[in-house]
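Spelled out, the chains give:
Number of protein chains: 2
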Amino acid sequence: MSNIIVQKYGGSSVANPKRIAQVARRIIGYRRKGYDLVVVVSALGDTTDDLLKLAYKITSSPSERELDMLISTGEQISVALLAMAIHKLGDEAISFTGAQVGIITDSAHTQARIIKINTSRIRKELQQKKIVIVAGFQGVDLSKEITTLGRGGSDLTAVALAQALKAKSCEIYTDVEGVYTADPRIVLQARKLEKLSYDEMLELASLGTQVLQARCVLLAKRFNIPIMVRSSFTNKGGTMISQEVKAMEKVVVSAVTLNKNEAKITMRDVPDKPGIAAKIFKTIADEGISVDMIVQNISRTGFTDLSFTVTKENLARKVKIARKVGQQIGAGDVIADQDIARVSIVGVGMKSHSGIAANMFESLAENRINIEMISTSEISISCVIRKKFAERAVQAIHKKFKL
Amino acid sequence: MSNIIVQKYGGSSVANPKRIAQVARRIIGYRRKGYDLVVVVSALGDTTDDLLKLAYKITSSPSERELDMLISTGEQISVALLAMAIHKLGDEAISFTGAQVGIITDSAHTQARIIKINTSRIRKELQQKKIVIVAGFQGVDLSKEITTLGRGGSDLTAVALAQALKAKSCEIYTDVEGVYTADPRIVLQARKLEKLSYDEMLELASLGTQVLQARCVLLAKRFNIPIMVRSSFTNKGGTMISQEVKAMEKVVVSAVTLNKNEAKITMRDVPDKPGIAAKIFKTIADEGISVDMIVQNISRTGFTDLSFTVTKENLARKVKIARKVGQQIGAGDVIADQDIARVSIVGVGMKSHSGIAANMFESLAENRINIEMISTSEISISCVIRKKFAERAVQAIHKKFKL
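Heads up: the sequence lines are chains R and W, in that order. Under my numbering, the first residue of the first sequence is numbered 20, with each subsequent residue one higher. Under my numbering, the first residue of the second sequence is numbered 20, with each subsequent residue one higher.
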């Protein structure tokens, strides 16, 4: 095991010069304890959004290559400023872009995947006792084109660096103290989880918990890299995400989550015959649209109603595509509904215990909340309900499971 | 001669999305005429200053390496946005950082010199009929460290690219229509010069004309690259700067310039003996201070008064150093005077015509403006006067020489 700690600081942790100085002090604190530090930084505050706004003022359909050229500057600014802040406190630090530090990706602009990391430059600087600061979210393909890794890309950079450097640990600093049993803004009694398995975190991420992106957790899981999620504003312990930490047979509901960013698309009167669902979802997938839950209602007289959820982004386009497929297969109306919310519970081993689902449905029924769609996975149960009941549902479920 | 035109657009020409779109239209206009275009862009409006302010909020003495990392993002933003604007109008374009396009410099951060330019990537994209957009002001050293070229660096990038690509012409677009016989804000009758020699432009640049930096003109002169300076806001012709264009013997005063950014330092009662001036100016040069005009008054009883001009930046430090040398050599008081201005006339062949100088002095005398220092070069004559008379002096000289 090396002596290297990889730390990642999100945009809110470095939003202004004062916060950058705070982060510099925290980093130096670790340095003084004798660790070698590799620090990944996101763009300052809203920089990325501001750059995107600028691009969309120029054109409604910017080229992805040029978008990467543009938004990768955000992290380059952060790393330079953080290095300066560390210098000011008297320690040695050096900043790098993704390209300089050898983060090689494929060529899928705006959503590139890391292929490999050449760690020689980082190791050289660590040997010279420098704190190494790396621009998150970005890399370079084999033709030296600048790429970005997509949403949550800086977390991915941190985990990938931790793997490549065989780091002792990987710490993700953010503006919350860790992962909670529910959103503390909705449930006052929400409790911070000290430990969580990769699978639980994955489920939470896919169900709308913003703390970590699923891609980053998947990578950590594949290489078994423990991730500590904690706040850059306090010194409290955070949430450790690692391999399964609970007893095999003990069923535990870890958290309840809420997602209000999805819409439901319903296709009416779909001919109920083999191959139709495949045709619909193949066409939708070919258009690059991710579908989340899918529910098919009971068939009557050879037709069925099919509902699925998608993110609200470009909803009009998604509806248009569904309508087009609908016409091709002789289905009826296509209706979009944005006033939905999804509440979910997550916990290892819940699949084999039907009592868990019943408890969840019961708590919703007790609050007169109608369930419109249900979906279950190995470690989660999700219900789609009216959006206006979302917070009440989360509170009820949190109480029911005594989280 | 190739079919390549290098164009450079300054920060004010691309200050906002609307202006970027205007620049894109101008570029495409040239493309339609059949030229291959390589476009160099500066950072948007005040971006570089804003980034520097951010750095100085973090530390009063930022590392030059990290400053380059920081401020090079400004041009990277510009090139991406300009490429998008061209795409929007339906033409093909691709943007590059200095590093990507192979602008190799030495390692003198914040004031690097271009060593060579590898043009293969640019040529490849031009062959594919793309408009190539290159970030100005920046390069990369042999260790892949990002460097910047110092003030006026984007002009330098343009001229260096024109040379490396054997371009047909090099056009510098700015917010003025060209080089004038005097600052049009001071002299209403000021006239745009259609042609100017490299040497005249060099002299004008060193005397305070902001249109082009001396380094860029020197490079153009060395490789005999004609530069057209013109406005990005109009379609009028600009000023062509090339090898000497005037008849050998005809004396022409081309322009009158004004510089109010200098201060005069006077060392009183300097011992009048050999080696003293050398001692003084060697010490000052060793401290990295550039001295401009030097005037030594008539010696009396073994002592002399020595005056020289320096830029007002860090004036206190410069005075301190002069005072220290003064003590070492047994001189008297050291006095700094910030209320001076320098007016100069520039023109080929004036040195051999003493009538020119006399005319200049006469026009000042007619306006009761006292001359405090005089300095002459091969193609210029400068007078230091009280700052409050600066504009009046420029107007008088402009009239005298019927510019």
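A couple of the hints might just be wrong.
Same chains, same names: a pair is fine if it fits in one copy or spans any two.
[Said to hold, decoys possible] As a list, the in silico EDC-like pairs of lysine to aspartate or glutamate whose alpha-carbon atoms are at most 20 Å apart:
id, residue 1, residue 2
1, 76, 65
2, 163, 144
3, 148, 69
4, 343, 194
5, 240, 110
Keep in mind that the hints were calculated from the coordinates and are not lab data.
Hint check results:
Taking the shortest Cα distances, residue 76 and residue 65 sit within 20 Å of each other both inside one copy (17 Å) and across copies (18 Å). Proximity of residue 163 to residue 144 under the C-alpha cut-off of 20 Å is restricted to the inter-copy arrangement: shortest distance 14 Å between copies versus 22 Å within a copy. In the homo-oligomer, the alpha carbons of residue 148 and residue 69 never lie at most 20 Å apart, since the shortest distance is 36 Å inside one protomer and 32 Å across protomers. In this homomeric assembly, residue 343 and residue 194 never come within 20 Å of each other (Cα to Cα): the closest approach is 43 Å inside a single copy and 52 Å across copies.
Within a single copy, residue 240 and residue 110 get their C-alpha atoms no closer than 34 Å, and across copies no closer than 45 Å, so neither meets the 20 Å cut-off.
The structure fails to meet hints 3, 4 and 5 from the earlier list, while all remaining hints are met.
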